[in-house]
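2 protein chains.
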Amino acid sequence: MNFEMILAADARLSGKKRITPLLNSPFIDELVGRPTYLKAECLQHSGSFKFRGAFSAISALKNNERRKGIIAYSSGNHAQGIAMAAKMHNIPSTVIMPADAPKIKIENTRKLGAEVILYDRYRESRELIGEKLQQKFGAVLVKPYDDPNVIAGQGTAGLEIAEQARELGIDEADLLVCCGGGGLTSGIALACAENAQNFKVRPVEPAGYDDVVRSLVSGRREKNEKNPGSLCDAIVTPSPGILTFPILRGFCHSGLVVTEDEVLKAMKIAFERLKIVIEPGGAVALAAALYHSEFLDSKTILVVASGGNVDPETFAKALSFC
Amino acid sequence: MNFEMILAADARLSGKKRITPLLNSPFIDELVGRPTYLKAECLQHSGSFKFRGAFSAISALKNNERRKGIIAYSSGNHAQGIAMAAKMHNIPSTVIMPADAPKIKIENTRKLGAEVILYDRYRESRELIGEKLQQKFGAVLVKPYDDPNVIAGQGTAGLEIAEQARELGIDEADLLVCCGGGGLTSGIALACAENAQNFKVRPVEPAGYDDVVRSLVSGRREKNEKNPGSLCDAIVTPSPGILTFPILRGFCHSGLVVTEDEVLKAMKIAFERLKIVIEPGGAVALAAALYHSEFLDSKTILVVASGGNVDPETFAKALSFC
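Top line first, the protein sequences correspond to chains A and B. Under this note's numbering, the residue at position 59 of the first sequence is numbered 1046, and the numbers go up by one with no gaps. Under this note's numbering, the residue at position 224 of the second sequence is numbered 1211, and the numbers go up by one with no gaps.
Hints should not be assumed to be uniformly reliable.
[Unchecked claim] Straight-line distance between alpha carbons at most 20 Å, and here's what the computed SDA-like set of lysine to any residue pairs gives:
#1 1286(B) x 1240(B)
#2 1003(A) x 1155(B)
#3 1255(B) x 1093(A)
[Unchecked claim] Facing chain A, from chain B, some residues (calculated, C-beta under 10 Å):
#4 1003
#5 1006
#6 1034
#7 1260
#8 1296
#9 1297
It should be emphasised that the hints constitute simulated quantities derived from the structure, not laboratory data. All values reported here derive from a predicted model rather than from experimental measurement. For glycine and all other residues, C-beta sits at the position ideal for the given N, C-alpha and C.
Starting from the given sequences, assemble the full structure and let the hints guide the process.
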């Protein structure tokens, strides 16, 4: 796993991914107390950054490798990314999703052409189901974050941020990234280590699911207790990835933790001030900038809004909040 | 008023305006029955395309002309565009707004630094109030659409659409534009007449406020009856502009009319499929593509979403609709 793999993924994704805009608002600058820019990955194909990693991984396979299709497990955003990327390669996909994932994510994954297999996230192991299917059909399993080509794909967002920031004259920043298993954060950290060396990449997690933040402190892969389902469904993972953690440890600065109330308020502010739809898990980095900026060092804040796949009911809850 | 003025406005706006993305979704393509791309001007500074025209007009003034500040009247989006553009030029602005404009628009205009004067849209004339203030203070009045430099500024959106479409290999399209007084539509039509000659530019209006659509049929400036306030507050104008109408007549194809229910449904679809926030007046063009595509000729549909300044209550209404 190295920077050259990100460049190679970027070449494969050229003309396929959307170069998402870096948005800002004087209202948010005032709230954060510093110039703040948000990378709107909610506007990426399939509604989240996951399209990058999924397309990167599938496009890196040889034709005969991917002929039998793709298998993936996902709480929803990787599922949609895989479904869309598989369709663009004209190959079938099967996605294992928790039965209690947001409806919009399950429906969209099906409509994008994937076969969806639901499982009980409290009793069954998605990894085991995935392995069984893989053995049965001979399809390729594309993991949501512990896959070098997935990390490389997510890293292309980091290449874009570095370039867009340079165009704005930003050469030093705290860069906050919504973090689950660490695929996006490690990819961006690797990209910035090469292309934006004065950016401090920091993972942000919801309270109760701060495995990466704690692992960066302790130096080993910490686990979350088995909590009931979080509002931030997209980034609830048991512990940092085996591949992602060494990268996070090598290239990230200390992380931040936000509450669900802060997440809902951040979603509303993104609605009011940036006119974008972000889901709870995609709003944690903005929430950290808005409500915990005392932990940030730089004159400029960069924030990644990682996805926008949220049910209307949850979004309406954020709109009516506070 | 000519194409060269749009190029000049584009040069003044360079590095100031946001080049808004052209978004698409396989779900929307399926609903419309054709490849459909949406120009997300809701992501423009100040939350609507109006920033382009406001900045264009103010930047075209000489220093001594604009020293005494800017006056404008507006239902809200031009107000915010003027306030932001005036602030960027370090000059004061005063904006005359209807007392029943959406709260978010009045608040934002004030927070962006403008002095706001509220008037009763059923009893008072904003034009008269504007003229009096102009005489009293010697400030420059920037009209919302009947101003060549405003039209030229809005036309820069047309330059971007033509270029972005060309990059996607689109050389023929119906281009639907949300239309009030016609500033945006005429600017885009002028830009396309030069840079995208196979684009059929069509104004879209809400039922009951279809003055431009009817005027294009009759060949003269038709008026709307005095209706009570519309959901589509941003694009409720009594009749086509004096400057805009000849351009609309010369360069536009026949227009379309949509209902308020269609607008609410289009807002929800933009939320679900594109992850953007569009206001009712900014959703009429998308509504026309979704629900009246039988009137469209081309293989590809382009749609302008003109703004996103909508109260949370109205947006929640769209989310709970149907």
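A quick look at each hint next to the structure:
1. At roughly 16 Å between alpha-carbon atoms, residue 1286(B) and residue 1240(B) fall within 20 Å of each other, so this suggested pair holds.
2. A hinted pair counts as satisfied when its Cα atoms are at most 20 Å apart, and residue 1003(A) with residue 1155(B) qualifies at roughly 11 Å.
3. Restraint check: the Cα-Cα separation between residue 1255(B) and residue 1093(A) comes to about 18 Å, which is no more than 20 Å; the hinted pair holds.
4. A cut of 10 Å between beta carbons decides the hint on residue 1003(B): the least distance to chain A is about 12 Å, and the hint is violated.
5. The beta carbon of residue 1006(B) comes within 8 Å of a beta carbon in chain A, closer than 10 Å, and the hint placing it at the interface holds.
6. The beta carbon of residue 1034(B) comes within 6 Å of a beta carbon in chain A, closer than 10 Å, and the hint placing it at the interface holds.
7. With a cut of 10 Å, the hint placing residue 1260(B) at the interface with chain A holds, because the nearest CB-to-CB distance is about 8 Å.
8. Hint status for residue 1296(B): holds, given a least beta-carbon distance of 8 Å to chain A, under 10 Å.
9. Contact between residue 1297(B) and chain A, as hinted, is supported at the beta carbon level, the nearest pair being about 9 Å apart and thus within 10 Å.
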